[in-house]
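Enquirer: If you're matching them up, the sequences are chains A and B in order. Counting in our numbering, the first sequence runs from 1 upward without gaps. Counting in our numbering, the second sequence runs from 126 upward without gaps.
It should be emphasised that the hints constitute simulated quantities derived from the structure, not laboratory data. By construction, the Cβ of each residue, glycine as well, lies at the ideal position given by its N, Cα and C atoms. Among the hints, a few may not be true.
[As the list claims (entries may be wrong)] Short derived list, chain A residues pointing at chain B, Cβ under 10 Å:
no.: 1; residue: Gly8
no.: 2; residue: Phe46
no.: 3; residue: Leu76
no.: 4; residue: Glu94
no.: 5; residue: Ala99
no.: 6; residue: Leu113
no.: 7; residue: Trp122
One-letter residues, chain by chain:
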Amino acid sequence: MQADDLAGLATDERFRLLKARFRRLALTIVGAFLGWYFLYIALSAFARDFMALPAIGNVNVALLLGVLQFVSTFALAWRYTRYARRMLDPLSAELRDEAGQRQAERERERRILAERHRIENWTRR
Amino acid sequence: MTIGLFAVFIVITLGVTIWARVNTKGTDDFYAGGRTFSGAQNGLALAGDYMSAASFLGIAGIIALSGYDGFLYSIGFLVAWLLTLLLVELMRNAGRFTMADVLSYRGGRRPMVRTAAAVSTVTVSVFYLVAQMVGAGALVSLLLGIHPGETFMGISPEAAKVITILVVGMMMIFYVSYGGMKGTTWVQIIKAVLLMAGTTALTVLVLSRFGFNLSEMLGAADARSGRPGQFLNPGQRYAKDADGIVGKLDFVSLAVALVLGTAGLPHIVGRFFTVPDARAARTSVNWAIGLVGAFYLMTLALGFGATALVGQEAITAQDPSGNTAALQLARAVGESVAGPVGGEILLAFIGAVAFATILAVVSGLVLASSTSLAHDFFGHVLMFGKPKESQEVAVARFSAFVIGVFAVFLAVLVRDMNVAFLVALAFAMAASANLPAIVLSLFWRRFNSTGVVCGIYGGLLGSIVLVALSPVVSGGPRSLLPPPVDFQVFPLENPGLVSIPFAFLCAVAGTLLSREKADPGRYSELSVRALTGAGAHGQQAKNVGGAR
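Working from the sequences, and respecting the hints, build out all of it.
Expert: Here it is in structure tokens:
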């Protein structure tokens with residue numbers, strides 16, 4: 001793949017959209033899970049009495065929130081995957097195919113030029 | 126009997142490795158398993174690479190002895206995968222075999238970037254390797270039931286430890302240098318299936334003892350924990366109230382390293398490239414999240430179950446740090462189901478699973494570091510990026526041997542030390558040295574090769590120096606060096622809280638202070654490639670070639 005082809009795509013409107021969408025998605029997810037995880041860690045370190053409150057039977061708040069960390073991880077992974085499949089994959093596939101086509105065209109041009117060059121050299125002799 | 130079951134595992138994996146050898150031809154095969162693994166297969170292998178004996182035996186033990194606090198490890202180890210999920214597609218698209226492929230995109234492919242990446246990969250891997258292998262040595266003496274001073278069929282505990290480390294070392298060298306990524310991946314897949322099957326069986330049996338009532342199990346655990354009423358609350362092990370603010374910061378520091386380290390672990394990153402495309406990479410991380418999540422949830426049942434059914438006293442009598450809790454639980458549960466024979470069978474099975482776990486993880490680590498040595502250091506630094514493929518693969522096989530021997534040597538040397546801190550240190554180093562470089566390479570337009578190098582060395586040295594100056598090494602109650610030696614300056618045992626920001630700082634400062642000009646074209650190229658997958662190495666792009 002030619003470097004110029006890739007760099008050229010960088011200014012494409014659709015690529016900008018793709019990039020903006022990915023950044024927004026990534027920042028939302030990082031913010032959500034790091035925030036929630038560190039809140040949980042902070043509670044474990046500094047809010048011991050609250051964490052020790054009973055929630056369901058012998059299950060206390062600490063254990064309940066811990067299991068919720070698992071639930072939220074699964075939920076965020078699912079959310080990311082669904083969004084990526086709907087909003088990112090079609091765009092990136094389109095751009096990738098175009099880059100591939102441009103690459104193939106360039107390759108064909110190069111072959112034709114090389115062939116012409118060879119024939120010219122041969123006829124000159 | 127454990128040995129017998131373990132031998133079966135070894136025979137099967139050897140067969141797979143030899144089959145893989147036949148199908149391994151070039152660098153794509155050796156480093157990336159030909160990029161033919163499906164998302165599900167690679168997901169299993171990721172989980173197999175990740176779930177170490179430290180988490181299987183260690184976390185179950187910590188939960189069994191310290192209750193709730195052990196669960197925090199489980200949570201950190203899982204949540205970290207979300208970060209991996211966000212990075213995996215970009216890395217897969219941009220890289221070829223190693224992290225350095227992505228990093229060297231910025232700033233004219235200078236050899237110093239490759240060297241730094243190789244140094245960091247090998248260092249992190251070796252620290253982690255030594256921890257795992259010493260664990261294997263300790264495990265065997267526990268399994269055979271030999272205590273200091275006793276002998277078992279003429280083997281002293283010391284000899285048993287050394288023999289185990291040697292056998293594990295020989296096996297991992299064989300898997301990696303002979304089978305490459307293909308062989309190693311199948312070892313991981315088999316191990317992951319075994320581990321999941323073993324833990325699930327054990328969990329179901331434990332829960333069935335309490336009529337599948339979690340609350341009842343927790344109550345029973347609390348009663349036999351030796352500190353009823355406290356056992357299920359935070360602060361039994363980490364950040365004890367007596368330790369004050371330093372203890373709490375130390376705890377937060379550990380949590381930071383756990384959650385940020387995973388995405389920078391070399392043996393995890395290397396696995397991003399074994400699938401045909403970014404989408405399969407995403408699928409594989411989703412599989413890993415499902416498996417790892419299920420596994421760490423089950424550590425709750427293993428840990429609390431061990432306290433409830435075996436009792437805290439019996440566990441500490443066997444091993445004061447609790448590493449045998451899961452094994453003792455297996456025996457107790459087996460006995461209650463099928464008498465003494467059942468107990469022995471389940472114990473043997475879980476013991477064999479533990480060995481398979483260790484073996485798989487160390488193989489993944491050796492593979493990651495030999496790949497980096499051969500591809501990054503030999504291929505790009507020594508041979509200026511133009512090595513013969515066959516040459517590079519030969520170097521990779523040889524480096525697997527060298528690193529393996531080196532790790533065995535170190536592990537034998539420190540076999541009697543308490544090296545549990547090495548696992549946390551490896552995570553802290555991965556988070557400090559690798560993560561800042563990866564994230565800034567992908568997202569910061571101005572980043573350049575000086576920044577990469579400063580970030581990697583800053584993070585690596587920062588975390589090592591901080592640990593050397595911490596109570597882990599000297600001046601604390603559980604230090605490696607005996608009391609009169611005391612050069613402790615840094616109060617935290619876990620360096621992450623300081624070393625990760627420090628590494629980011631180094632990377633930014635290195636970039637801004639160097640005279641090297643950032644190349645915006647290279648950045649656009651990298652971001653297009655990372656986000657769209659245009660020109661990525663893989664199945665479709667195989668014939669396009671030259672796309673670096």
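Enquirer: Are the hints correct? Go through all of them and say.
Expert: Status of each hint after checking the structure:
Hint on A/Gly8 holds. Least Cβ distance to chain B is approximately 9 Å, under the 10 Å limit. For A/Phe46, the suggested interface contact is upheld, since its CB lies about 7 Å from the closest CB of chain B, less than 10 Å. Hint status for A/Leu76: holds, given a least beta-carbon distance of 6 Å to chain B, under 10 Å. The criterion of a C-beta within 10 Å of any C-beta in chain B is met by A/Glu94, whose closest approach is roughly 9 Å, and the hint holds.
About 4 Å separates the beta-carbon of A/Ala99 from the nearest beta-carbon of chain B, less than 10 Å, and the hint is met. Taking 10 Å as the C-beta cut-off, the interface hint given for A/Leu113 is violated, the closest approach to chain B being about 18 Å. For A/Trp122, the interface hint is violated, the least distance from its beta-carbon to any beta-carbon of chain B being 28 Å, above 10 Å.
In the structure shown, a violation is registered for the earlier hints numbered 6, 7, in ascending order.
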